[in-house]
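Engineer: Protein sequences, first through last, are from chains A and B.
The first sequence maps to residues 23 to 100 in our numbering.
The second sequence maps to residues 733 to 1337 in our numbering.
Everything labelled a hint here was simulated from the structure, so no lab data went into it.
Since the model is a prediction, treat every value here as computed from it, not as a measurement.
Every residue gets a Cβ at the ideal spot worked out from N, C-alpha and C, and that includes glycine.
Treat each hint with caution, since some may be false.
A few chain B residues facing chain A, derived, Cβ under 10 Å [said to hold, decoys possible]:
(1) 771
(2) 774
(3) 952
(4) 955
(5) 958
(6) 962
(7) 964
(8) 967
(9) 1001
(10) 1004
(11) 1008
(12) 1027
(13) 1031
(14) 1042
(15) 1215
(16) 1216
Below, in silico cross-link-like pairs of lysine-lysine (DSBU-like), each with a Cα-Cα straight-line distance of 30 Å or less [what the hints assert, rightly or not]:
(17) 869(B) - 95(A)
(18) 888(B) - 1160(B)
(19) 95(A) - 1057(B)
(20) 95(A) - 1160(B)
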Amino acid sequence: MGSDFDRIMDALDIETFIVCRDEAEGAEIMGRIMGEMGLRDIDIVFCQHLGPGARVRARGYIFRAGERYGWLKEEAGS
Amino acid sequence: MKPLKVVLAPLDPVHDIGLKIIRQGLEQAGHETRLFPPDYSPQEIVRGIIEEGADVVLISRTLGYGVEEILAKFVDLVDGAGIRDRVKLGVGGMAIRPELAAELGFDAGFGPGTTVEAAVAFVEGREFIPAKKGSQKEKYGILGGATYAWRDSTIKARLDEIAEQIIAWAEKHGSPGIARARLRQEIIRRELLGENVEDLKREYAGLCSPVIADSYRNGAIHPETRRLEQWELDSLGEYVERTQGRMAPISLRSSLAKPGVFAQYGTGCPFMDIAHIKVAEAWGADGVVHFDPSWGARTEGFMEGYLTHRQDGSVITPQNLAAIKKALLPSTLWQVRAHRGLNTPETVVLAAHTGADLTKVSICYGALGAGTDPARLTVDGVESMKLAARHGLPFDVVTNEELCGVPAYKAFAGMLIGANLALHLGAKPILQPLFCYSPEVMLSGAMEDNYVDFNAAKILALRQIVDAPIWPGAPIGFLTQTEERVQSSVSTGLHAALAASLGVEAISIATSDEAYSGGPIAAASRIDTLRAVKENFRFFGRARIEPTPRAREWADEMADRIGAVLDEVANIGDFVQALYRGALGTREEGAYPGRTGQGTVTEAT
Chain A
23 MGSDFDRIMD
33 ALDIETFIVC
43 RDEAEGAEIM
53 GRIMGEMGLR
63 DIDIVFCQHL
73 GPGARVRARG
83 YIFRAGERYG
93 WLKEEAGS
Chain B
733 MKPLKVVLAP
743 LDPVHDIGLK
753 IIRQGLEQAG
763 HETRLFPPDY
773 SPQEIVRGII
783 EEGADVVLIS
793 RTLGYGVEEI
803 LAKFVDLVDG
813 AGIRDRVKLG
823 VGGMAIRPEL
833 AAELGFDAGF
843 GPGTTVEAAV
853 AFVEGREFIP
863 AKKGSQKEKY
873 GILGGATYAW
883 RDSTIKARLD
893 EIAEQIIAWA
903 EKHGSPGIAR
913 ARLRQEIIRR
923 ELLGENVEDL
933 KREYAGLCSP
943 VIADSYRNGA
953 IHPETRRLEQ
963 WELDSLGEYV
973 ERTQGRMAPI
983 SLRSSLAKPG
993 VFAQYGTGCP
1003 FMDIAHIKVA
1013 EAWGADGVVH
1023 FDPSWGARTE
1033 GFMEGYLTHR
1043 QDGSVITPQN
1053 LAAIKKALLP
1063 STLWQVRAHR
1073 GLNTPETVVL
1083 AAHTGADLTK
1093 VSICYGALGA
1103 GTDPARLTVD
1113 GVESMKLAAR
1123 HGLPFDVVTN
1133 EELCGVPAYK
1143 AFAGMLIGAN
1153 LALHLGAKPI
1163 LQPLFCYSPE
1173 VMLSGAMEDN
1183 YVDFNAAKIL
1193 ALRQIVDAPI
1203 WPGAPIGFLT
1213 QTEERVQSSV
1223 STGLHAALAA
1233 SLGVEAISIA
1243 TSDEAYSGGP
1253 IAAASRIDTL
1263 RAVKENFRFF
1273 GRARIEPTPR
1283 AREWADEMAD
1293 RIGAVLDEVA
1303 NIGDFVQALY
1313 RGALGTREEG
1323 AYPGRTGQGT
1333 VTEAT
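Chain B on its own, in the form it takes in the complex (with noise of 0.2 Å):
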């Protein structure tokens, strides 16, 4: 097209970036441009843009106040001068909206966040389409170019001889929930090809607990939950259909390549999962962790249908996963948790066929931090491995036992201990260390100047041992956050900016509610963190935190102590005697052997 001559003025007394970088756009395009300085009145605006003979004239005013009168009046003079009707009037700025700019007079206002591309577009009289960045959006590679290289042989002769031995062991025991995964594949198998499962049905029922036997015997549910209606169920068709058709996500990394940021969610009914997991893949999130409900672990198989119910963590039932997933953008990571209870192997199952890219399996944490069997979850966690290896699941395994008390290398150790038996099972496990203000910390003051170093050495101590990656959580910064949304807010910011300049692969993050009890997260409360992630990352960019030399001491020392405690499991010669006798955490620290499932394990057929 012809060039244009353009002229632009800030009606400002100090402020013209905005301008500045619209020149420079305008300049590349082949147009002709005059700027004015920041001090001109609108009357010597006006006479100069009669004396370049402007085709079209950018505005900025920057200040709110006193915005629509002085607008007004420059709309007024160019009107007075008679050279309204030949020159194109635009006006941008913070307190500038379309509506007032063509109350104004204006042929188009700009408000905050107006992009270059839009201003000349307005110049050139063309439409402007934004870029769906939304739709370029790439699935997050969770897994790094990690080798798996073990750095500390000693290390890895340890935890090779634990290894075997577990899986020597699991080989001649079995239980009802690898019974159950078992079944539940044969039913998902049979019901691809159309054929009646309702004898597999009856005998799952028979391996489940009470209440969800119930379910499949008389329709009765959990009575905690409801069943969704079915205008629920055409509603949230339409409203899922409307959302992704106007998705266009952000992402949250500027310069950097990592960390991936995962949002959790399980507020209880799917649906209300499927609007916040909306909200924060349009806010940024990479990925999204579906929490379960705390009785579901301690229950004994899985109810279907659409179900929901008014507490923490979201029942998983074949239909709700499969809706969830639906709703999922491609370029959103799926984790459905399967670690800590009695159902870990079938929600591995359930996981794979629905869809999810990752889940989630911690013996070490699941039977001395959250109640269940020891002997139990090593013979469920064995086969979930197993499972996750067959159906290219790779999954976290995480040291929640830490948020118990249990000090961090002895957490490490079990966390190891799972993460090399994954690999001899042919599975690829991430690392997912706590950031965390711990019971350990709070006692010993190693967090009492800063929170970089205790979480540097962390990171630091994984990775002298081996080459994995690396997914701090869950979320980073647990137990720093307040019931204050702001401080909530850069809290999680500043760990996840720790995290990015530790190099690590994933981050799990919290809302702004993380410390508030009195009710459901809210989605509001999404925004806050993934904004403040936003702005660290931004902040940031290549830069690092720099620990103090404290974090390398301790990283050494967490080292050798992990080293030790390997020793001991190693010793003792049976891992689960091991879990029972404190090796990974005694009672005195806060871990305690589940009971959850005791007596269930049976000898293998």
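Excised from the complex, chain A in its bound form (with noise of 0.2 Å):
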């Protein structure tokens, strides 16, 4: 049996808010934070500085279109 992972449909997307002190040091946290969680396939998807720091909106692919998809087969085995 595979991970959990497996049952993400496409992306998992992780928002919050980073204090910060402007939008390339929160994008930057943000980046290192889905890398420590194990996510390869990251991209910020938005990010929006003002005060205070960044709320930002974080997202980790599991399957792109094309690939093979654990969930496909997963539930039925699991």
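Each chain sits in its own coordinate frame; assemble them with the hints.
Structural biologist: In structure tokens form, the structure reads like this:
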């Protein structure tokens, strides 16, 4: 049986607020957090910095279209 | 059954509306109820239960903080009073989950979204079986009651002149696309009879671009694609079967009968498409729209087999379409777009034979904004409309050239030419103006104050010309959305509300990923906008968004200018030449007559 990540249809989005100086730092920190979570195919979908920090939404693709999707058979076998 | 005594007690300083609603349901079911005020302490509630001789007690607790301690204390008091064995206890509220309720000693717990029917069933000791709404969902009637009556006789006369000229010209011409469409029909017919079609496929390959021809001659497939493997095909069948078994789609509309809501898909992979379609269906989409890759429009012919690739747009093959069709709910409208490239007539054939409900044929956009040669798309477009009419397949005519910078009135003139041509050929066209923040309005400032007036003007202008179904797209709110998902969803939802307010037949909506270009659209982003649309429909109901008087002024102006454009096209006397000469959009405005397929139009045999 594969990982629970195989049940994610396509992407895992994480949205949070990061205390930081500017947008670039917010995006950089978020990128590192995604990496620490083991996500590899990552991108910052949205990042807006105002005042105390940045509202960030990051995405880690688990399956892109055209790949071999774990959920196609994973649920049946679980 | 014997009426029961039910005590309803809000263990909450303020909120008791949920209990009041349930109380109505219990009384309608013949039970005796007693609703305690919101400020009773747990001790007072227990005393009340004893005094009333209650059979069942329903507690509500809306506020989440400290909920476990308070409820545990209440159950302890009931135990301590020695009445726990003869009283059934239920608890409901925003923070309540069945597991928590059981842990605290309640007989049942009701979280958000609990229905009155579920609460009554608990009181009566029955198992609650929710109605499967999806099984009752019917296919949405997109054509509405449109009569196709023309309200502007001057415009109608011009359109008729143009249609007759186009039909007469098309009769004298052909194309490889038309030849392939006819071959495809013959292939389908003979395959249904179980006959060998190898000779037809050889002939077909001779009419294709080299990359497609190779797939027939030596099995090579387009470099952007891969064949899906057998385990994937087997697993897809199981996945669809499992998913269908638990589908109970919600409806997006509350009190309104329209518009129908379409979600667009085209992830690149037919299997991911199916996965996204099931999400869209579950969250209330009435229809789905198949997007093919842009290279598909520039390539002669279709490959065969189950093919996937990692770019936008899903490859059209007979097998891919059949797999998608098989996965759809019976109530889902399915549009397979044919409109802009070299495979337009054959797409209509495949769409019709696979069981699509709708297609799309847009001569002006395809020729001025999508890169296809005007002559080629005109002759192919006429054939496509004839095929659509023969197969009873309505189609929309879109004005995407607005996105290139062509003013709406010129794009609408082109759309009306397409629609009237379709009517001459016996088809059922649907007008698809854009609800978008187009280059035209960016320059003119027509949307500086609001997004309502100019979009409303478009619908008003079209309505004063013809009574035809209108399906704004595609997607609504195009270029108003940002990468921020709340903004993106709100914008889509409000455009949907405007469309509903204007009484149009359908809308196509984006996902909240509409403005995100860093990767594929995620399934969860589809839900964002479907929920936003549902909430807007619920908010406005039958109430209307009121445009300012500018909308009417712009509509009148637009109708006048549409008439002037049609005069010019009619006076040129040659529709294809009119496209080249910029009558329906100039190069300065952003309309460039396409070159794909140039020189492929043949004399009709």
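Engineer: For each hint, tell me whether it holds in the structure or not.
Structural biologist: Hint-by-hint comparison with the structure:
no. : hint             : in the structure
1   : 771              : violated (37 Å)
2   : 774              : violated (38 Å)
3   : 952              : violated (18 Å)
4   : 955              : violated (13 Å)
5   : 958              : holds (7 Å)
6   : 962              : violated (12 Å)
7   : 964              : holds (6 Å)
8   : 967              : holds (4 Å)
9   : 1001             : holds (4 Å)
10  : 1004             : holds (4 Å)
11  : 1008             : holds (8 Å)
12  : 1027             : violated (15 Å)
13  : 1031             : violated (18 Å)
14  : 1042             : holds (4 Å)
15  : 1215             : holds (4 Å)
16  : 1216             : holds (5 Å)
17  : 869(B) - 95(A)   : holds (29 Å)
18  : 888(B) - 1160(B) : holds (16 Å)
19  : 95(A) - 1057(B)  : holds (21 Å)
20  : 95(A) - 1160(B)  : violated (42 Å)
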